[in-house]
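K.L.:
Residue numbers (this note's numbering), protein chains in the order written: chain H, 61 to 370; chain P, 61 to 370; chain Z, 61 to 370; chain W, 61 to 370.
Please note: incorrect hints may appear among the correct ones.
Heads up, the list lumps identical chains together, so a pair's fine if it works in one copy or across two of them.
DMTMM-like cross-link-like pairs, simulated, lysine to aspartate or glutamate; straight-line CA separation at most 25 angstroms [to be verified]:
| hint | residue 1 | residue 2 |
| --- | --- | --- |
| 1 | 344 | 142 |
| 2 | 345 | 165 |
| 3 | 345 | 142 |
| 4 | 344 | 203 |
| 5 | 344 | 143 |
| 6 | 345 | 76 |
| 7 | 344 | 68 |
| 8 | 344 | 282 |
| 9 | 345 | 139 |
| 10 | 345 | 225 |
| 11 | 345 | 243 |
| 12 | 344 | 83 |
| 13 | 345 | 357 |
| 14 | 345 | 144 |
| 15 | 345 | 143 |
| 16 | 345 | 85 |
| 17 | 344 | 144 |
| 18 | 344 | 99 |
| 19 | 344 | 225 |
| 20 | 345 | 245 |
Just so you know, the hints here were simulated from the structure itself, not pulled from any lab data.
None of these values were measured; they are calculated from a predicted model.
4 protein chains.
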Amino acid sequence: MATRETIEAVLAGAVERARACGEGEPATYIPELANAPLDALSAAITLRDGSIVRAGDDEHRFTFQSSAKLVLLAGLLEERGEDEVFRIVGREPSGGGFASLARLETHGPIPANPLINPGAIALASILEGHLEDRLAWIERWAERLYGDALPIQQRVLASERRTGDRNRSIAHFLKASGVIDGDVDEVLEVYFALCSIEGSVVEASRLAAILATGGLAPRSGERVLSQRTASTVVSIMATCGMYDESGAYLCATGLPAKSGVSGVIVAVATGRGGIAVASPRLNKKGGSVRGHLVLREISRELGWHFALPD
Amino acid sequence: MATRETIEAVLAGAVERARACGEGEPATYIPELANAPLDALSAAITLRDGSIVRAGDDEHRFTFQSSAKLVLLAGLLEERGEDEVFRIVGREPSGGGFASLARLETHGPIPANPLINPGAIALASILEGHLEDRLAWIERWAERLYGDALPIQQRVLASERRTGDRNRSIAHFLKASGVIDGDVDEVLEVYFALCSIEGSVVEASRLAAILATGGLAPRSGERVLSQRTASTVVSIMATCGMYDESGAYLCATGLPAKSGVSGVIVAVATGRGGIAVASPRLNKKGGSVRGHLVLREISRELGWHFALPD
Amino acid sequence: MATRETIEAVLAGAVERARACGEGEPATYIPELANAPLDALSAAITLRDGSIVRAGDDEHRFTFQSSAKLVLLAGLLEERGEDEVFRIVGREPSGGGFASLARLETHGPIPANPLINPGAIALASILEGHLEDRLAWIERWAERLYGDALPIQQRVLASERRTGDRNRSIAHFLKASGVIDGDVDEVLEVYFALCSIEGSVVEASRLAAILATGGLAPRSGERVLSQRTASTVVSIMATCGMYDESGAYLCATGLPAKSGVSGVIVAVATGRGGIAVASPRLNKKGGSVRGHLVLREISRELGWHFALPD
Amino acid sequence: MATRETIEAVLAGAVERARACGEGEPATYIPELANAPLDALSAAITLRDGSIVRAGDDEHRFTFQSSAKLVLLAGLLEERGEDEVFRIVGREPSGGGFASLARLETHGPIPANPLINPGAIALASILEGHLEDRLAWIERWAERLYGDALPIQQRVLASERRTGDRNRSIAHFLKASGVIDGDVDEVLEVYFALCSIEGSVVEASRLAAILATGGLAPRSGERVLSQRTASTVVSIMATCGMYDESGAYLCATGLPAKSGVSGVIVAVATGRGGIAVASPRLNKKGGSVRGHLVLREISRELGWHFALPD
C-alpha cells in the first residue's frame with residue numbers, strides 16, 4: 061500500500077502532466093456548460109482513513125451531471141432493495157450511446173442500466189410524494205454521500221430544462237411503454253435537479269471513497285451503504301459507467317468510474333480510496349480528456365488496477 | 061485471506077447445493093454437446109500458491125468452447141501487442157448476443173470485443189503461416205496457459221464444422237468488410253479447433269489463476285503473461301465475458317469470468333486464485349445454471365467480490 | 061370500364077361478405093376508439109363523374125386518424141412545394157412500425173416518410189402562425205379535400221391528448237434532432253386535431269377520388285391539386301400507406317391506400333374513382349380486417365389492380 | 061395513347077439529354093463490372109403490340125445483375141404459387157440496403173422481399189435437382205421472359221464468385237436460421253449465374269413488356285405469366301425494386317422498376333409497354349444516374365405515371 065506522500069506526489073504529477081494536454085471541447089448541448097472555465101483542472105482522492113489528497117484548481121466547482129446518477133442508484137438500492145430497482149432498469153451495458161431510444165424500442169421496455177439517461181429517468185420516477193418531497197430525497201442522499209449539503213446550480217438547471225428535449229423524448233417513451241407512471245414533467249424536474257448538483261472534487265471523491273470501502277464513511281467508518289449496495293454500484297460502474305468507452309477505460313485504468321458531461325469522473329479504487337477528477341474538455345465520447353489521463357497515471361503509478369494483486 | 065480449509069469447505073458446500081438444482085438444458089446447436097452427461101458438475105480452484113482445491117465429478121471432461129477465446133486473446137496480446145489486437149477488435153460490451161451480425165453492420169466494421177464470436181474469428185485470422193502452423197500456435201498457447209498439452213475433441217470439432225453456418229456467415233461478413241483476409245475456411249478451422257480443446261476444470265482453473273496473479277504461473281511464480289496482458293484480459297472478461305448477462309453476473313459475484321456453451325465458466329479472483337466450474341445445464345442466455353450458483357456462493361462466503369475490500 | 065350498376069353490385073356483395081368476418085379487435089391505445097360500434101361497416105366509392113356508390117351502415121361516423129395525414133401532405137405539397145416538404149421528411153418506406161423512434165435514431169434525423177407518425181408530426185410543425193391559424197389551415201384543407209366542413213371529435217381529441225406519450229416522445233426527439241422548431245405541445249395539438257377529424261366514408265372517398273383523377277374535384281372537374289401533388293401522394297400511399305403490410309396489401313389489391321386506426325382505409329383506383337371503407341376491427345398490424353376484404357374483392361371483381369391493363 | 065412516332069421522339073430526346081450527364085461511377089465491388097464502357101447508354105421500349113423502339117448504343121451488352129431477380133421471382137410464382145414463395149420471403153420494403161444482414165437478424169428469419177439479395181438467395185435455394193438442373197431452370201425461364209437464349213457472362217461470373225463474401229455471409233446466415241437447406245455453395249452458384257445473364261436492353265425490355273400487359277407475350281399475345289403473377293411482380297417492383305430510393309423513384313416516374321448494379325433499369329408502364337435503360341454510371345444508392353433521367357423524362361413527356369389517368 062502506497063504511503064500518503066507517494067499518493068500526493070503521484071496525483072500532483074499526474075495533474076501537472078494532464079494540464080499540458082489541450083485537446084477536447086466542453087459539452088455544448090447544455091448551453092450553460094459551455095461557460096465553464098475551459099482549462100480548469102482539479103483532482104482529489106479521499107483515502108480510506110478519511111484524509112484527502114488534492115491537486116489542481118482548488119476553487120473549481122462544477123455540476124455533477126451524470127455522475128450524480130450514482131446517488132439515485134445507491135439511495136434507491138438502500139431503501140427499496142434490488143428487486144424493486146432491477147424491475148425497472150437492467151444491469152447490462154447498453155452497447156450504445158447514453159441517450160439512445162433505439163435500444164429501448166428494440167430491447168426494452170426497461171432501460172439497459174441505471175447509468176444511462178433512460179435508466180436514471182426511470183429510477184427518478186419511483187421517488188414518492190410531492191415534487192418537493194422527491195427533491196428533498198435527492199438532497200438528503202446527496203448530503204449523505206457527498207458529505208455536505210450541496211446546492212442545485214440554478215443557471216445549469218434552467219439550461220437543462222430549456223434544452224432537455226432528448227430527455228423529454230425518453231421520459232414520454234418510457235411512459236408510453238408503461239415503465240414509468242405519473243407526471244413526466246415532474247420526473248424530469250427531479251432528473252434535471254439531480255444533474256445540477258454543484259460541488260467540487262472533494263465532495264465527489266467522498267462518494268467514491270464510500271464505494272471503495274464497501275459502504276463505510278471515510279474517517280468515521282460509519283456504515284452508509286450496505287456491502288451489497290456498494291458492490292452492486294461499483295460493478296455497474298465497471299461495466300456501464302463510461303458509456304461506450306467503458307471497456308477501453310476499464311482496461312486502461314481498472315478503476316470503475318462514472319463520468320459526467322461537465323467533465324467530472326468519479327472513480328473507485330477498492331480498498332484504497334475514492335478519486336474525482338474534473339476538467340471540462342471532453343473527448344468525442346463525452347469523457348473528460350484530462351480526467352482519463354490523470355486516472356491512467358494514478359492507476360499505473362500506484363498499481364491500483366482492480367485486476368492486479370497488491 | 062481465507063485458509064485452504066475454509067476454501068475447501070466453501071467449494072464443497074457450494075457444489076453440493078448447486079447439484080440440487082435441476083434447471084437448464086444443455087446446448088443443442090452444436091449437436092455433439094447434447095451428448096454431454098447432463099448432470100455432471102465439477103469445480104476447481106487453483107490458488108495463488110499453486111495448490112488446487114477440487115469438488116464434484118473428477119472425471120468430467122468437456123470442451124472449453126468460448127472460454128478458450130481467452131487463450132487466443134492472451135497469446136496475441138503477448139505476441140502482437142495491444143495496438144495490433146485492438147485494431148481489429150474493440151474492447152466494448154456489444155449489448156447483444158454472442159453471434160450477432162446486426163451489430164457488425166450497424167457499428168462495425170470491427171467486432172465489439174474479442175470474446176464474442178466475430179471478435180474471436182477476427183483474431184483467429186491474424187495467426188500466421190500454414191494451417192498447421194496456426195493450429196500449432198493454438199496448441200502452444202493452450203499448453204502454456206492450461207499447463208498441459210490438451211487434445212482437440214474430434215467429434216465436437218466435426219459437429220462444429222458441420223453446423224457452423226452462423227460462424228461461417230460471420231467470417232464471410234468480416235471478409236466482405238475488409239476486417240479479415242485470406243482463406244475463410246482456414247480461419248474457421250482454427251476457430252473451431254480452439255473451441256474444441258478438451259480438458260477438465262483443473263486445467264481451466266490454471267488459466268484463471270495466471271490471470272488472478274497478474275500473469276504468474278501458479279507454484280513456480282514464473283511470468284507467463286505481462287501484467288498489462290493479464291489486466292486487459294480480466295477487464296474484458298468483467299465487461300464482456302458473460303454475453304448479455306455480464307452485468308448481472310458481475311454484480312452478483314464480482315468475479316470476472318468467461319463462459320462456454322459446454323457449461324464451463326472460468327472466473328478470476330484477483331490476488332486469490334482462479335476458479336473453473338463446469339455443468340452442461342444452461343440458462344436461456346447460455347450460461348451454466350449451476351456454475352452461476354457455485355460462483356455466487358464462493359463470492360459471498362469467501363468475500364471474493366472484486367468491489368469489496370479485504 | 062365497369063358500369064355504375066356493376067360497381068354497385070360488387071360493392072354491396074363485398075360489404076355483405078366482409079360482414080361475415082368477425083375477426084380483429086378495435087384499437088385500444090386511444091381509449092375513446094374502443095367505444096366505436098364494433099361491427100359497424102360502411103363503404104363508399106366516389107366515381108370520376110362525382111356519383112357516389114355506398115354500402116353498409118350509412119350512419120357510421122368515425123375519426124379519420126392517420127388517413128388524414130393525406131390532407132396535411134397534399135396541402136403542404138401544394139403550398140410549399142416538394143423541395144420544402146421533402147427537406148423534412150423522406151419518401152421511403154420505413155420498413156418498420158408507424159411510431160418507431162429507433163429508425164429516427166439510426167437512419168434519421170428526418171422521418172422516413174410523411175405517412176408515419178414522425179413524418180406527419182414533422183410536417184405539422186411547419187404550419188405557420190398562432191395555433192388558431194394552424195388549426196384553421198387544417199380545417200381549410202380538410203374541407204377542400206373532403207368536400208365538407210368536418211368537425212373535430214372532442215372526446216377522441218381528449219383521449220389522444222391524454223394518452224399521446226408515444227407521439228410526445230417522437231415530437232421531442234425531432235426537436236432534439238433539430239428537425240422541428242417551436243413549441244412541441246402546439247405541434248402535437250395540431251397533429252391530434254388532424255387525427256380527430258370526424259366524418260363518414262362519403263367524405264373520405266371524395267379525397268381519394270381527387271387523387272384518382274390526378275387532382276380534379278369530382279363532378280365539377282375543377283382542379284384541387286396539381287397532377288404533381290396528386291401523383292406524389294398516391295406514390296407514397298403505394299409504398300408507405302399501410303405501414304408494415306404495405307407490400308402485401310399492394311400485391312393483393314393494387315389500390316394505393318392509407319389506413320387509420322379507427323379502421324378506415326382510403327384507397328385510390330386511378331382513372332376510376334376513390335374508395336373508403338371503415339370498420340373498427342383491426343388486424344395485428346393495425347389495418348381494418350374487413351376493409352382489406354372489401355378492397356381485395358373490389359380489385360379482383362372490377363379488375364382495378366394498378367398493375368393490370370384495362 | 062401516344063403514337064409510336066411520339067414515343068420514338070421522346071425516347072431519342074431523353075437519351076440524348078441524359079448522355080450529357082457525366083455524374084456517377086460504375087460499381088466496383090464486382091471488379092469485372094468496372095470494365096464496362098463507362099459512357100455506354102442504351103434504351104429500348106417494347107410496346108404492347110410487340111414493336112420495339114430503341115435509342116442509344118445498339119451494341120451495348122451488359123449483365124442483368126439484380127434485374128434478373130425478376131426472372132426467378134416470376135418463374136417460381138408460376139410454378140410454385142404464392143403460398144410457397146411467400147413462405148420463405150416477404151413482400152415488404154426492407155427500409156434498408158440490398159445486402160443487409162441486420163434486418164434478417166432483427167426482423168427475420170425470412171428476408172423482407174424477393175428483390176434484395178437475401179430474398180433472391182432464399183428463392184434460389186428452392187430450385188430442385190442437381191446444380192445442372194437448377195441452372196437449366198434459370199436458362200429456361202430467362203429465355204421465356206427475355207425472348208432469347210442468353211449467355212452467362214463467364215468473366216463476370218468468375219468475378220462474382222471471387223468477391224461474393226457478402227452474399228456468402230447472407231446464404232450461411234439463412235442456412236443457420238433454417239430458411240434455406242442444402243449446399244450453400246450450390247445455391248450461390250445459381251444466384252451468381254442468375255446475376256451474370258448477359259443481354260441488351262431489347263431483351264430486358266421484353267420482360268418488362270410481359271409484365272406491362274398482365275402477362276402476355278408481346279406480338280403473339282400468348283400468355284406467359286398469369287395475371288396474378290404479373291401484378292404481384294409489378295407490385296413488389298413498385299415498393300421494393302429500387303432499394304432505398306424506391307419511394308423517391310416511384311414519386312418521380314410512376315414506373316415500377318428493378319435496377320441492377322451493371323446500370324440497367326427495367327421499368328413497367330402498365331398497358332403501354334416495357335422499358336429498359338442501361339448505363340454503368342451509378343449514383344450513391346446503386347441506381348443508374350442516366351437511367352433515372354431517361355425514365356423521368358419518358359414518364360413526364362408521355363404521361364406514363366401509374367398514378368395519373370389517361
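K.L.:
Does each hint hold? Answer for all of them.
P.N.:
Results of checking the hints against the structure:
Only between protomers do residue 344 and residue 142 lie at most 25 angstroms apart by alpha-carbon distance; the minimum there is 21 angstroms, versus 33 angstroms within a single protomer. With identical chains, the CA atoms of residue 345 and residue 165 are at most 25 angstroms apart both within one copy (22 angstroms) and between copies (17 angstroms). Taking the closest pair of Cα atoms, residue 345 and residue 142 come within 25 angstroms of each other only across two copies (21 angstroms); inside a single copy the shortest separation is 30 angstroms, beyond that limit. In this homomeric assembly, residue 344 and residue 203 never come within 25 angstroms of each other (Cα to Cα): the closest approach is 32 angstroms inside a single copy and 42 angstroms across copies.
Within a single copy, residue 344 and residue 143 get their C-alpha atoms only as close as 35 angstroms, which misses the 25 angstroms cut-off; across copies the closest is 20 angstroms, which meets it. Within a single copy, residue 345 and residue 76 get their C-alpha atoms as close as 24 angstroms, which meets the 25 angstroms cut-off; across copies the closest is 47 angstroms, which misses it. In the homo-oligomer, the alpha carbons of residue 344 and residue 68 never lie at most 25 angstroms apart, since the shortest distance is 30 angstroms inside one protomer and 49 angstroms across protomers. When the C-alpha separation of residue 344 and residue 282 is checked against a cutoff of 25 angstroms, the pair qualifies neither within a copy, at 40 angstroms, nor between copies, at 41 angstroms.
Taking the shortest alpha-carbon separations for residue 345 and residue 139, neither the intra-copy value of 33 angstroms nor the inter-copy value of 30 angstroms comes in at or below 25 angstroms. Taking the closest pair of Cα atoms, residue 345 and residue 225 come within 25 angstroms of each other only inside a single copy of the chain (20 angstroms); across copies the shortest separation is 29 angstroms, beyond that limit. With identical chains, the CA atoms of residue 345 and residue 243 are never at most 25 angstroms apart, being 31 angstroms at best within one copy and 30 angstroms at best between copies. Only within a single protomer do residue 344 and residue 83 lie at most 25 angstroms apart by alpha-carbon distance; the minimum there is 11 angstroms, versus 35 angstroms between protomers.
In this assembly of identical chains, the alpha carbons of residue 345 and residue 357 lie at most 25 angstroms apart only when taken from the same copy (20 angstroms versus 37 angstroms across copies). Proximity of residue 345 and residue 144 under a CA criterion of 25 angstroms is satisfied inter-copy only: 22 angstroms between copies versus 31 angstroms inside one chain copy. When the C-alpha separation of residue 345 and residue 143 is checked against a cutoff of 25 angstroms, the pair qualifies only between copies, where the shortest distance is 20 angstroms, while the shortest distance within a copy is 32 angstroms. With identical chains, the CA atoms of residue 345 and residue 85 are at most 25 angstroms apart within one copy only, with a shortest distance of 11 angstroms there and 35 angstroms across copies.
In this assembly of identical chains, the alpha carbons of residue 344 and residue 144 lie at most 25 angstroms apart only when taken from different copies (22 angstroms versus 35 angstroms within one copy). Within a single copy, residue 344 and residue 99 get their C-alpha atoms as close as 17 angstroms, which meets the 25 angstroms cut-off; across copies the closest is 43 angstroms, which misses it. Taking the closest pair of Cα atoms, residue 344 and residue 225 come within 25 angstroms of each other only inside a single copy of the chain (21 angstroms); across copies the shortest separation is 32 angstroms, beyond that limit. Taking the closest pair of Cα atoms, residue 345 and residue 245 never come within 25 angstroms of each other, the shortest separation being 28 angstroms inside a single copy and 32 angstroms across copies.
Checked against the numbered hints given earlier, the structure breaks hints 4, 7, 8, 9, 11 and 20 and satisfies all the rest.
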